[in-house]
Every structure is written in structure tokens, then in C-alpha cells.
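Protein chains in written order, with my numbering: chain L, 1 to 369; chain W, 1 to 369.
Please note that the accuracy of each hint is not assured.
You can't tell identical chains apart in this list, so a pair holds if it fits in one copy or across any two.
[To be verified] Below, a list of computed lysine-lysine pairs in the DSBU-like style, where the Cα atoms sit at most 35 angstroms apart:
1. Lys114 <-> Lys232
2. Lys282 <-> Lys315
3. Lys229 <-> Lys282
4. Lys319 <-> Lys236
5. Lys319 <-> Lys114
6. Lys319 <-> Lys229
7. Lys282 <-> Lys332
To be clear, the hints were calculated from the coordinates, so they are not data collected in a lab.
Take a look at the letters that make up each chain.
Number of protein chains: 2
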Amino acid sequence: MQHDHTNLRVPGPTPVPEAVARAGAQPMVNHRGPEFAELMGEVLEQLKPFFGSRSEPLLLTGSGTGAQEAAVVNVLSPGDTVLSVTAGVFGDRFAAIAEAFGANVVRLQGEWGKAISAQEVGEAIENAGDVKAVLLTHNETSTGVTNDIAAIAAVIRRLVPDAVVLVDGVSSIGALPFELDEWDVDVAITGSQKAWMSPPGLAMVAVSERGWAAHRQATMPRFYWDFTKAQKNGEKRTTPFTPAVGVIRALQEALRLMHEETPEGVFARHRRIGAQLRDGLKALNFELFSDQVAASNTVTAVRIPPGMEASALIKNLRKRGIVVASGQDWLKGSVFRIGHMGFVRPEDIDGVLQGLEASVAARRLEAVV
Amino acid sequence: MQHDHTNLRVPGPTPVPEAVARAGAQPMVNHRGPEFAELMGEVLEQLKPFFGSRSEPLLLTGSGTGAQEAAVVNVLSPGDTVLSVTAGVFGDRFAAIAEAFGANVVRLQGEWGKAISAQEVGEAIENAGDVKAVLLTHNETSTGVTNDIAAIAAVIRRLVPDAVVLVDGVSSIGALPFELDEWDVDVAITGSQKAWMSPPGLAMVAVSERGWAAHRQATMPRFYWDFTKAQKNGEKRTTPFTPAVGVIRALQEALRLMHEETPEGVFARHRRIGAQLRDGLKALNFELFSDQVAASNTVTAVRIPPGMEASALIKNLRKRGIVVASGQDWLKGSVFRIGHMGFVRPEDIDGVLQGLEASVAARRLEAVV
Numbered sequence: 001m002q003h004d005h006t007n008l009r010v011p012g013p014t015p016v017p018e019a020v021a022r023a024g025a026q027p028m029v030n031h032r033g034p035e036f037a038e039l040m041g042e043v044l045e046q047l048k049p050f051f052g053s054r055s056e057p058l059l060l061t062g063s064g065t066g067a068q069e070a071a072v073v074n075v076l077s078p079g080d081t082v083l084s085v086t087a088g089v090f091g092d093r094f095a096a097i098a099e100a101f102g103a104n105v106v107r108l109q110g111e112w113g114k115a116i117s118a119q120e121v122g123e124a125i126e127n128a129g130d131v132k133a134v135l136l137t138h139n140e141t142s143t144g145v146t147n148d149i150a151a152i153a154a155v156i157r158r159l160v161p162d163a164v165v166l167v168d169g170v171s172s173i174g175a176l177p178f179e180l181d182e183w184d185v186d187v188a189i190t191g192s193q194k195a196w197m198s199p200p201g202l203a204m205v206a207v208s209e210r211g212w213a214a215h216r217q218a219t220m221p222r223f224y225w226d227f228t229k230a231q232k233n234g235e236k237r238t239t240p241f242t243p244a245v246g247v248i249r250a251l252q253e254a255l256r257l258m259h260e261e262t263p264e265g266v267f268a269r270h271r272r273i274g275a276q277l278r279d280g281l282k283a284l285n286f287e288l289f290s291d292q293v294a295a296s297n298t299v300t301a302v303r304i305p306p307g308m309e310a311s312a313l314i315k316n317l318r319k320r321g322i323v324v325a326s327g328q329d330w331l332k333g334s335v336f337r338i339g340h341m342g343f344v345r346p347e348d349i350d351g352v353l354q355g356l357e358a359s360v361a362a363r364r365l366e367a368v369v
Numbered sequence: 001m002q003h004d005h006t007n008l009r010v011p012g013p014t015p016v017p018e019a020v021a022r023a024g025a026q027p028m029v030n031h032r033g034p035e036f037a038e039l040m041g042e043v044l045e046q047l048k049p050f051f052g053s054r055s056e057p058l059l060l061t062g063s064g065t066g067a068q069e070a071a072v073v074n075v076l077s078p079g080d081t082v083l084s085v086t087a088g089v090f091g092d093r094f095a096a097i098a099e100a101f102g103a104n105v106v107r108l109q110g111e112w113g114k115a116i117s118a119q120e121v122g123e124a125i126e127n128a129g130d131v132k133a134v135l136l137t138h139n140e141t142s143t144g145v146t147n148d149i150a151a152i153a154a155v156i157r158r159l160v161p162d163a164v165v166l167v168d169g170v171s172s173i174g175a176l177p178f179e180l181d182e183w184d185v186d187v188a189i190t191g192s193q194k195a196w197m198s199p200p201g202l203a204m205v206a207v208s209e210r211g212w213a214a215h216r217q218a219t220m221p222r223f224y225w226d227f228t229k230a231q232k233n234g235e236k237r238t239t240p241f242t243p244a245v246g247v248i249r250a251l252q253e254a255l256r257l258m259h260e261e262t263p264e265g266v267f268a269r270h271r272r273i274g275a276q277l278r279d280g281l282k283a284l285n286f287e288l289f290s291d292q293v294a295a296s297n298t299v300t301a302v303r304i305p306p307g308m309e310a311s312a313l314i315k316n317l318r319k320r321g322i323v324v325a326s327g328q329d330w331l332k333g334s335v336f337r338i339g340h341m342g343f344v345r346p347e348d349i350d351g352v353l354q355g356l357e358a359s360v361a362a363r364r365l366e367a368v369v
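All chains, please: the whole structure from these sequences, using the hints.
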């Protein structure tokens, strides 16, 4: 819980521990000086285990959508055939970005709330023809579904060995295990305001050797997001343009906390918390939106009970100091979403469950009166 | 001076007052909730007088270069003839972005360290043919020169009334008077880490009616920077993608301080401080890089005295707690730059001058020994 005792349970921006917030508020430093170089060096090193990659991550100033755009424009060319594997708002957004920049996007449209299987992806690739790239969502924040990237990437590699695999890990990396090198993924993106318990404003990207090779051929227009500029400056432990220094400072402290807990400890806590929340919701007779086998351990979408208004429930929870998110797109009004990534402990989830129980009871009472 | 007593005098990121840093470290809030809506409403309203515009500014998550890219891709189409008026690193960057996205860029290359006159711009327009847009730099951060945007914009309006005028005000707006409506400028950009005494990560943009009309016709590819998305969400006092909430919180506090001082008071302080620094430098026999009639009141480029190493001087100042910036591009090694925008007081400038005097004296002593 944050230092104002709000139980902020939206799937980003997530709560920032007081020590992390304080670290972000340290006096400003020159991003071309030695203090920043040391800071950046530590952050890059500490990020690597969470990306599951020996490669040096890139730091970009922007939000998760900016990182999606960066991934697309850095490895694709206009006219490239791109398979978009999507079953939610963020998968759709990834596809829309590729289309805006001139890719020929073929969609594998999965059912919202369900995982997309490696087999379905394989079939879609065989139907799509010359697939240059595949856009995947590791954890779909709009539905609370985690996809099996390892299995999907393996099928892609078998069918189209040279295709670049772009993974939106905005709401997964740092909370769920991710193995860029082992899974043979090419570009993975994440954002400071999700699993990293840091304020929004910073995107982190990891790129494989195949990703860098694709980058050198890619002709989509780019300047601000250019990976080459980020990488060349990164070697000198700076950034091509003024970075979000405060957010990087916050992230440094957050990463120290995460390494103190160990990556495995962080992942295990997210698994436990996810199960705790789902069990608690079921005990209160709430219906989960997503398929249980694919249930995300960072965000849960819950159906609004029959006869209840989404906005009334959200407002009622807010009165109790609990902030949850509404449904997105066509799910607006029929689901609400609970974020449980980053700075989250069992007692925060207890608080949400108690708040939900009380909100439902209050409603029943109103109905009786 | 910051709370760690460092005299951070680079032209961005600039020092952040302790109250502003503290405001930025408040507990996180949902960017789709009422607290954020109130915050954003206040910030937009308080920004307007500094843009000199009745239009509602847009908030984008990114650095100044991101805002340059946003300005270009939102109002131009590939193939458009664009006049780039440049005499420094940031003017060149603005042109490079327009080229990267397919504009036909014609350059008016001014001499570095000098202002570019309205007459030169008029002649360049007459030579360039069908100019759709003009890229201007209000304050060139690499040379410490302020251009007369009012006069230049007036000539552009007379010769090509429908051309859109894009102004990079990254290191001017908030410190130097700017009048988007009165000067008939179409897109003006700035960044939180300059005059606004806030951490980096947030760009602010103002757009004229003509700019919006051009936007509706513009076909350069865009998604993350799209003005329509920013504007539609802005009306609901939110942003299309997760914004840099902490930086916006910091900016709210900084704007309160700036309005307490009044915009005119802020501008007058920058004028006084600029003169104080230039007079002090001359008294120490330092030679200014820029033409005195065009000297910037936010950043000053100073020639490295003969026989002195730029890096040695910068290191010597750093030992005294004063952080200045090196020269950029071909000026690296021959100038250093002093930032004096945002959180800057006469005593900070006294400190810089004393540090310079001591550094030069130390060097003389070394030379004698």
C-alpha cells in the first residue's frame, strides 16, 4: 500500500513504494555526467535477468505504447507482412501501430479472455504467406490473460526461422518469468509503471541479434525511437535525448528491492497473489472473465455481477480507498479490472476482497430497503 | 541551488526545487481517475499564459526531441517542401526529423552564434518555391542564441500565408516571452526539464487553428504522438497512454511557483540573470560565443580561453560543485555552456563566476609551478 494508504489496484500506473518515490525525487543530475553513467550502468545490469537476456537493454523515454511503436518502426519496413496475434485492446493497438506505419498486417483474432495456442499461430503463419514479423502480447492487460510465449515462439521459429518476434511484455516483464534468449524472441518491451513499481515515463526494450539484424534492414521512418541511437549512447552510459532521470532513479531503487527479493521470489509472490485473488473472488461468487488456465498473475478482469452497475461498484470501492480499473473497449460496463503487479502484498488483496464483499453487501441492503 | 548544494548549470535537465521534487514523489494515482483529471486541468490552464495562447496545450510523454518529432509528423505529409531555418544542433535535428519522415527539406543554414534575420528567412522562402512549413528554433541551446520569432513569423505570413510555422521552444518557453496567438505561430513545443524546473519526461505542445487544419490533412505516419488522440483525451482531462504522472505532479508545483512570481516576473528574472552572467564573464575576460544582440537569457556558450582544455575546465568546476555542459558537434572542445533557466537565482550565477575565476587562477598557478 502507498504512503497515502490508497490501495491503488489499477493495472498501471501501479503503486510506488515510498523508498522508490523518494529515490526518484533526489536532486537532478546531468544526463551527460558521471552520476548518470553510474546510475544507468547499474539499472541496465539489474534489468537483464528480468528480460532473460545477456543483451544490453535500451532505455527510451515514453510510455508502453511508445515502446510498442519503437519496436515496430525499428525492425519493419513498409509493405512487410506482419502477423498480429491479438485477443484484446493492447494486441489490437500493436497491430494498429504496424498498420499506421505501412505494414501489411494479417490478424489472428483470438477470443477475448482466452489464450492463443501455438497451434493456432502456426496455422495462421501457414495461411499468411511470407511473414516477416509476428506481434505477440505476453500478458493482455485488457482481459487478464497470459499467453505462452515460449511455445508460440517455438512454432514461429520452426515455420519461419527468419521472422522477427516482437513481444509486448508491458504488463508481464518484471513480474512473470521472461526468457528472451531461451525463447528466441527478438524484441521485448516493458514500462516502468507496471511490474517495476516505478512512476510512468520510461520504457525498457531488449533486442536479440536477429532483432538487430532486422533493424539494420528496416526502413520505417524513425528518429526519436531509433535503436541505433539508443544503443550507441547506451554504450557510453547515456541516452541520445534527455531521459526521464527521476524515473530511472526510482527504477534503480525498485530494482534493488526486486533483486533483494530475487527474481524467483518476485515471480513466486506474483503467482501466490494471483491465486489468492482468484480464490477470494470465487469465494465471493464473482465470475472471472478469463479462462482459468490462462489467468494472468498481474491483472484480473472480473465480470460485473448481474444487476450491478460497473460505475457504481467502482465508485463504492473508491469510497473504501480501493481504486480498480474499468473494462476497456466493448468490455466497458461488463467487467472491472484489478491490478496485482509490482508493489503488491497479500494484505492489499485481502483489502480488495473485503472491499468487494462490503460493496456487494451494501448493494443488497439498498435493494432490500 | 538544489537540496544537495550542487550548482547544476547545464541547459537541461535543470535544477528541481525541493518542493517540486517532493510534489513529484506523491503517491501514484490512476491516470483515468478524478485526482488526475483535476491535476491535468490545473496544469493545462497554468501553461496557457506561457504559450501565449488561448488554445488548450497537449501533454505528451517524451523528451524535447520527441516533441520535435510530434510536431513534424502531426502537420506534414511526405514530399512536403519544408524550410528549415537552422544555426545549431537543435535546428539541424528538427530538419533531420522532417527528412527522416519524408519531407523535402530546404535548409537556410545560418552562421552558428548569430541570430537569423526575418529578411534572410523571407529570401529563403522566395527561393524555395512552394513552402508548406517552416521549422524555427526560438532559442538554440547549442549556441546560446535567441531568434526573433515574432519578426520571422510575420515575414512568413506575408509571403506564404498558409504555411505552418513550427517553433522549437524547448529551451525558451516558460523563461522567455512567447506569444503563439499574437505571433501567429502554429505549433510550439517545450519540455518539462528546461524552464519549468521539473524533471525530464514530459513535453508540452500548443497548436493554432491553422495547425489543427494542417493536422487534419497531414499523412506522415503516426500513432503515439497523434495530436487528435491527445486532444480527445485531453478534453476528458486524461491522456491516450499512461502519462508521466510524477512529472506532471512536479510541473503542477513548479507552475504554482511560476505564477506566484508572475510570468512577467519570471521573464524579468531571466533577463537580469542573463545580463549578470554575461557581464561577469566579460569582467573575467571570457569571450562569449554568440553575438551579443542575440544573446540568450536561458543558456550561454562561452569560448574556452586559449591554452586551456575544455575538459580540464569542466572537471575543475565540477570539483567546486558547479556542473556546466560541454560544446556540441564541432563546438566540442572550443566552448562550454552554462544553463540559466528555470530554478536560477543571482547567487547561483555568482557561484559560477567565482568558480570560473578560481579555476582560471588555479590553472595560472599550475602554469607558473
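### Task
Evaluate lysine 319 and lysine 114 at a C-alpha cut-off of 35 angstroms and name the case that applies: within, between, both or neither.
within (32 angstroms within a copy, 59 angstroms between copies)
#### Entry: Homomeric proximity label, lysine 282 with lysine 315: Cα distance no greater than 35 angstroms
Cα proximity of lysine 282 and lysine 315: one copy only (22 angstroms, versus 63 angstroms across).
### Task
If the cutoff is 35 angstroms on CA atoms, where do lysine 282 and lysine 332 land: within, between, both or neither? Let me know, please.
within (21 angstroms within a copy, 65 angstroms between copies)
#### Entry: Within, between, both or neither: lysine 114, lysine 232 at alpha-carbon 35 angstroms
between (40 angstroms within a copy, 31 angstroms between copies)
### Query
Given identical chains, is lysine 319 near lysine 236, meaning Cα to Cα at most 35 angstroms, within a copy, between copies, both, or neither?
Only across copies: lysine 319 and lysine 236 sit 22 angstroms apart there, 49 angstroms inside one copy, limit 35 angstroms.
### Query
How would you classify lysine 229 and lysine 282 at a CA-CA limit of 35 angstroms: within, between, both, or neither?
For lysine 229 and lysine 282, the Cα distance exceeds 35 angstroms both inside one copy (49 angstroms) and across copies (38 angstroms).
### Task
At 35 angstroms max between alpha carbons, let me know whether lysine 319 reaches lysine 229 within a copy, between copies, both or neither.
between (47 angstroms within a copy, 31 angstroms between copies)
Checked against the numbered hints given earlier, the structure breaks only hint 3 and satisfies all the rest.
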